[in-house]
Structure formats: C-alpha cells, structure tokens
Amino acid sequence: MRRRSEAAEKGLKCFLAMTVGHGQYDLAMASPLPIRRDHPPDDAVVVVRAGVMAPDRVVDTAADAFEDYGVYTVSVEAAIDVSVDELCRSSPRIGERYGRVRLSSFGRLRAAGFAVLATFTHPHFDVVLPDLSEVTVARLGRCFDEPIPNPGRRPRG
Amino acid sequence: MTDYDLWVDFMRMQDDGRLRTRLRHGRVGFVPLAGSYVIVGSEDADPAVAKILSVDADGAIKVQVLPGRVDEHRDRLTPTG
Numbered sequence: 025m026r027r028r029s030e031a032a033e034k035g036l037k038c039f040l041a042m043t044v045g046h047g048q049y050d051l052a053m054a055s056p057l058p059i060r061r062d063h064p065p066d067d068a069v070v071v072v073r074a075g076v077m078a079p080d081r082v083v084d085t086a087a088d089a090f091e092d093y094g095v096y097t098v099s100v101e102a103a104i105d106v107s108v109d110e111l112c113r114s115s116p117r118i119g120e121r122y123g124r125v126r127l128s129s130f131g132r133l134r135a136a137g138f139a140v141l142a143t144f145t146h147p148h149f150d151v152v153l154p155d156l157s158e159v160t161v162a163r164l165g166r167c168f169d170e171p172i173p174n175p176g177r178r179p180r181g
Numbered sequence: 008m009t010d011y012d013l014w015v016d017f018m019r020m021q022d023d024g025r026l027r028t029r030l031r032h033g034r035v036g037f038v039p040l041a042g043s044y045v046i047v048g049s050e051d052a053d054p055a056v057a058k059i060l061s062v063d064a065d066g067a068i069k070v071q072v073l074p075g076r077v078d079e080h081r082d083r084l085t086p087t088g
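Protein chains in written order, with this note's numbering: chain A, 25 to 181; chain B, 8 to 88.
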C-alpha cells in the first residue's frame, strides 16, 4: 500500500478543513494581499509608523485592511539599509506629510507575537493583528516608542 | 472631522498614489462621486487633494492622491455636500 507523503497528508487535511468549514464562514473572496518574496528582516531593523497611532485609528485602518484583504493589518515601513531619516524623507507615504512618527523594530513586534509581512512594494510591511480588541491594539502600541518629530520633514518656519 | 472630506491612512497608499478607504470615513454629508476631487487627510498628517477613482456598492472608495499641498490643486475642488 502506498503511503501518502507528509506534505500530501497536510494538504488533504487542509482541504478537508476547508470543506467542513463551508457552513460556518463567510467564503466571499477578499483580494489577495500582495506579499513580496523577501527574506524576513533582522530583529534589529527599525520599523516606522507615521502618525501617533491613536487606538481608534489603528482599528479603522486594520478594519479597512480586513475588508480589502481578509486580514487585520497595520501598514509600516522598514529602514533596511537606510537610516530612519532617509526612509522618512524618501517615502511617498511619510515624506513631508506627517509631523510625527513612531519607531519600533522587527524584534519588538515579533517578541510581542505580531507577524510582519513584506507587502506591496519595498519598504512597505504589514503588521498582522489577530483581532481588534483593546488588548491587542494596546499591545501593538507598546511595541512602539513615543512619537517623535518626523525626521524626514524639513523644518517649517 | 476636521479640514478634510475623507479620512485616509496615508501609510496604506501605493507608490503611485492610489489608496483605498471607506465611505464611513467621510465627513457628515459627504457624497463621493467618481471623477471628482476631494480633500483627504488624517489627524496626524497634512491634507491632500485626491481624485475619486471609484466608489463600490460596499462603501469602498478608491482614490488617487495628488502630490503636493491642497493649495496647489485648489482649482480642482468644487463645493460638495
């Protein structure tokens, strides 16, 4: 008798789980989240989120992501091979737009249990939230330092 | 809401300026019309002018954020709602 490979066995179980679950879940297809085939950055790499990360707005943006892609995520950028100043200055998302930013690192986010995915175009990443509870949003907030002036923004007179 | 029609998270913007948001993030009375220009922003960021590319039945709104300040595109804005 032929034995199924371990991978085939896992695939079969996955298929069965999806089949069994048909009656319990919303199967409306979300758009696929565009994930890059990047190697995971080192723990020491700095992560930047522009703005002050008010909890209500974290929920808003993560809920929007869920509606678009079926997963709660919060957008960040990573300072890979560039300084934080250069990242903020060159980013079309941050640039001159934001007055303040908050800094974290891949290590801090991972240690707090958050997966970080390389999504869309470099240096954009998405932090994955398991839910939108106050506890989870607060845990995400604790991964970041207090807001600092956006180093990519020129002084305004 | 403050000085913008539609709240957006600029951190979710694509490199080409495209961005998705939701009708529920609009100011009271805001009526999105594809092809029109609106002011988008958030509490933490300078507002910007964006062109509404599409409005879906489920409330999803796709916009194209224009580079530069609002004043640079003031002529594109028309009074709404």
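These aren't lab readings, by the way, just hints derived from the structure by calculation.
Don't take every hint at face value.
[As the list claims (entries may be wrong)] Once the Cα atoms are required to be at most 20 angstroms apart in a straight line, the calculated EDC-like pairs of lysine to aspartate or glutamate come out as: (1) B:LYS69 with A:ASP92; (2) B:LYS58 with B:ASP82; (3) B:LYS58 with B:ASP10; (4) B:LYS69 with A:ASP66; (5) B:LYS58 with B:ASP23; (6) B:LYS69 with A:ASP62.
[Stated by the list, open to error] Just the calculated beta-carbon pair ranges, DEER-fashion: (7) B:ALA67 with A:ASP109: 13 to 23 angstroms; (8) B:GLY36 with A:HIS146: 12 to 22 angstroms; (9) B:ASP65 with A:ALA135: 13 to 23 angstroms; (10) A:ARG61 with B:ARG81: 23 to 33 angstroms; (11) A:ASP66 with B:ALA64: 42 to 52 angstroms; (12) B:ALA67 with A:HIS146: 33 to 43 angstroms; (13) B:GLY42 with A:MET53: 33 to 43 angstroms; (14) A:ASP105 with B:GLN21: 20 to 30 angstroms.
Just so you know, these numbers come straight off a predicted model, no measurement behind them.
Glycine residues also receive a C-beta, built at the ideal position from the N, C-alpha and C atoms.
Evaluation of the provided hints:
Distance restraint check for B:LYS69 and A:ASP92: the Cα-Cα separation of roughly 11 angstroms lies within the 20 angstroms cut-off, and the hinted pair is therefore satisfied. Straight-line distance between C-alpha atoms of B:LYS58 and B:ASP82 comes to about 13 angstroms, which keeps the hinted pair within the 20 angstroms bound. Pair hint B:LYS58 plus B:ASP10 holds up; C-alpha atoms about 17 angstroms apart against a cutoff of 20 angstroms. A threshold of 20 angstroms between alpha carbons decides the hint, and for B:LYS69 with A:ASP66 the separation of about 34 angstroms lies outside it, so the pair is violated.
At most 20 angstroms may separate the alpha-carbon atoms for a hinted pair to count; B:LYS58 and B:ASP23 meet this at roughly 13 angstroms. Only pairs whose Cα atoms come within 20 angstroms are accepted, and B:LYS69 paired with A:ASP62 is rejected, the gap being roughly 27 angstroms. Hint check: B:ALA67 to A:ASP109, Cβ distance near 35 angstroms, so the stated range 13 to 23 angstroms is violated. Taken as a hint, the range 12 to 22 angstroms is violated for the pair B:GLY36 and A:HIS146, whose Cβ atoms sit roughly 39 angstroms apart.
Against the hinted window of 13 to 23 angstroms, the Cβ-Cβ separation of B:ASP65 and A:ALA135 comes to about 37 angstroms, which falls outside the hint. Distance hint check for A:ARG61 and B:ARG81: the Cβ-Cβ separation is about 43 angstroms, which falls outside the suggested range of 23 to 33 angstroms. Taking the beta carbon of each, A:ASP66 and B:ALA64 are about 44 angstroms apart, inside 42 to 52 angstroms as hinted. Range check, B:ALA67 to A:HIS146: about 26 angstroms between beta-carbon atoms, so the 33 to 43 angstroms window is missed.
Here the CB-CB span from B:GLY42 to A:MET53 is close to 28 angstroms, at odds with the stated 33 to 43 angstroms. In this structure the hint that A:ASP105 and B:GLN21 lie 20 to 30 angstroms apart at CB holds, the actual value being about 22 angstroms.
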